[in-house]
Amino acid sequence: MAEPIRVLLVDDQRLMREGLRVLLELEPDLEVVGEAGDGQQALDAYAALRPDVVLMDVRMPGMDGVEATRRLRERWP
464 MAEPIRVLLV DDQRLMREGL RVLLELEPDL EVVGEAGDGQ QALDAYAALR
514 PDVVLMDVRM PGMDGVEATR RLRERWP
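Per my numbering, residue 464 is the first one in the sequence shown, and the count goes up by one each step.
Accuracy of the hints is not assured; some may be wrong.
Claimed, not checked - Derived DEER-like restraints, expressed as beta-carbon distance ranges:
| hint | residue 1 | residue 2 | range |
| --- | --- | --- | --- |
| 1 | R513 | R484 | 11 to 21 Å |
| 2 | P491 | G525 | 27 to 37 Å |
| 3 | R477 | L512 | 17 to 27 Å |
Derived by calculation from the structure, the hints in this document are not laboratory data.
Ideal Cβ positions, reconstructed from N, Cα and C, are used throughout, including at glycine.
All chains should be built: construct the whole structure from the sequences, respecting the hints.
Here it is, written out as structure tokens:
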């Protein structure tokens, strides 16, 4: 069996992250490796965890998902 796809969940709503985690954990080829509640936490979590996929909310307080994604792509192309 191949290694699971490692996923980072980013959303300012805890309930949304929990729901996505439950759904994704039903898939044997996916592994949720971390969660973040805002854009800055997403950058920090990505640096520490290096997931394969980031599921990012676009609208969040502080650094939104669009800006966080732009910074992720600049730092890790």
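For each hint, the structure was consulted:
{"no.": "1", "hint": "R513 with R484: 11 to 21 Å", "result": "holds (19 Å)"}
{"no.": "2", "hint": "P491 with G525: 27 to 37 Å", "result": "holds (35 Å)"}
{"no.": "3", "hint": "R477 with L512: 17 to 27 Å", "result": "holds (19 Å)"}
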